Amino acid sequence: MHFLSHAISRILIHLLFWLLFVFVSLFVFSDYYWKENPFLQFLFILIAIVYLNNGVLLPFFMKKKLYISYIFIIGLIAFLATQLYCNVFAECGCTIMTCMSNYLWQTLVPLIFFSFNWMLFRYLEKQEEVEETQKENTAMELKLLKSQIDPHVLFNNLNTIYSFSLESPEKVPELILMLSDNLKHIMQVNDASMVALEKEIEFIDNYIEFQRLRTEGIKNISYSKQIERNTYTIAPLLLISIIENAFKHSITDSTIHINISLKKGILSCVCENNFDADVVYTDRNKIGLKNLKKRLSLLYKNKHTFNIQKTNTFSASLIIDLK
Numbered sequence: 172m173h174f175l176s177h178a179i180s181r182i183l184i185h186l187l188f189w190l191l192f193v194f195v196s197l198f199v200f201s202d203y204y205w206k207e208n209p210f211l212q213f214l215f216i217l218i219a220i221v222y223l224n225n226g227v228l229l230p231f232f233m234k235k236k237l238y239i240s241y242i243f244i245i246g247l248i249a250f251l252a253t254q255l256y257c258n259v260f261a262e263c264g265c266t267i268m269t270c271m272s273n274y275l276w277q278t279l280v281p282l283i284f285f286s287f288n289w290m291l292f293r294y295l296e297k298q299e300e301v302e303e304t305q306k307e308n309t310a311m312e313l314k315l316l317k318s319q320i321d322p323h324v325l326f327n328n329l330n331t332i333y334s335f336s337l338e339s340p341e342k343v344p345e346l347i348l349m350l351s352d353n354l355k356h357i358m359q360v361n362d363a364s365m366v367a368l369e370k371e372i373e374f375i376d377n378y379i380e381f382q383r384l385r386t387e388g389i390k391n392i393s394y395s396k397q398i399e400r401n402t403y404t405i406a407p408l409l410l411i412s413i414i415e416n417a418f419k420h421s422i423t424d425s426t427i428h429i430n431i432s433l434k435k436g437i438l439s440c441v442c443e444n445n446f447d448a449d450v451v452y453t454d455r456n457k458i459g460l461k462n463l464k465k466r467l468s469l470l471y472k473n474k475h476t477f478n479i480q481k482t483n484t485f486s487a488s489l490i491i492d493l494k
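Residue numbering for the sequence shown follows my numbering, starting at 172 and increasing by one per position.
Do not rely on the hints blindly, as some may be mistaken.
Said to hold, decoys possible - Label pairs and their in silico Cβ distance ranges:
(1) Glu302 - Lys370: 23 to 29 Å
(2) Leu460 - Lys370: 37 to 43 Å
(3) Glu369 - Trp189: 35 to 41 Å
Claimed, not checked - Calculated lysine to aspartate or glutamate pairs in the EDC-like style (CA-CA distance at most 16 Å, straight line):
(4) Lys435 - Glu387
(5) Lys465 - Glu299
(6) Lys465 - Glu307
(7) Lys435 - Asp376
(8) Lys355 - Asp376
(9) Lys464 - Glu300
(10) Lys396 - Glu369
FYI, nobody ran anything at the bench for these hints, they're computed from the structure.
Computed from a prediction, not measured in an experiment: that's the story for all the values here.
Note that beta-carbon positions come from the ideal geometry of N, C-alpha and C, so glycine has one too.
Sequences are here, hints too, so could you generate the full structure?
In structure tokens, the structure reads:
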């Protein structure tokens, strides 16, 4: 809906500007223009320049943050376009300075106007993306928190701890600490848009170790990681969605492979597990990965790849460029 309203607004602004611009150019300066009418001939070239700027130059230079280079390029284009108008279309025979002072505005006005217009709509879109990301983050965090403290899930976790208190009491403090740390991490990142990758990996370590103990003798868990020293940050609770899905949908006696690596700012998380191919999963069962895809498209647009493969096993692979 927002995209549609922005698109309509853009079209209206563009139409109104060009109508006003042509009106001013033809009627305010009618003595000259109606006689030779070079402006209308030049108008098509001017429109091409403006939309080349909006469609190619602006996005490229703004993305690379080459602001000075952009100003220089636009200035050069405006100068050359004005010279083209004076010498080819108007054939005024005037000097460069006279040409610039009399006709430079024809190129600069639409270029500057549409540049600011592009930046304004880009800013509004970014703001909407931030708001949508915050909503998605909140929903994901609440969902994960709910799953952790859900009476049934919490009962299973506490029952695991109770069982170990009878059979291996020396492990109980560690289990309680892991469960406590995981719940604390989820609550701490509730208001955070980014967290230290190191902290997120610690959270994953605790979660997997707890699951390893809880499912001992039922599921085989292979967990490996190759994380170079780093100061990167990551949106919280992304990786856990894939890992949690592997535990949730794996079958009894399943082997779960989890590998997390970080090399030169590229984070990779691959999870593979056995699953029952005869089970038909509803939309409710798929909501975790659907939410993950949404968050990735908002948080790491053009900076991630997420693939799912179903053969004899279910495999999910997520690669994020953290640079």
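Evaluated hints:
1. Glu302 - Lys370: 23 to 29 Å: holds (25 Å)
2. Leu460 - Lys370: 37 to 43 Å: violated (23 Å)
3. Glu369 - Trp189: 35 to 41 Å: About 54 Å separates the Cβ atoms of Glu369 and Trp189, which means 35 to 41 Å is violated.
4. Lys435 - Glu387: Violated, at roughly 35 Å.
5. Lys465 - Glu299: holds (14 Å)
6. Lys465 - Glu307: The given pair, whose Cα atoms are some 8 Å apart, holds under the 16 Å limit.
7. Lys435 - Asp376: violated (21 Å)
8. Lys355 - Asp376: holds (14 Å)
9. Lys464 - Glu300: Roughly 15 Å between the alpha carbons, so the hint for Lys464 and Glu300 holds.
10. Lys396 - Glu369: Holds, at about 12 Å.
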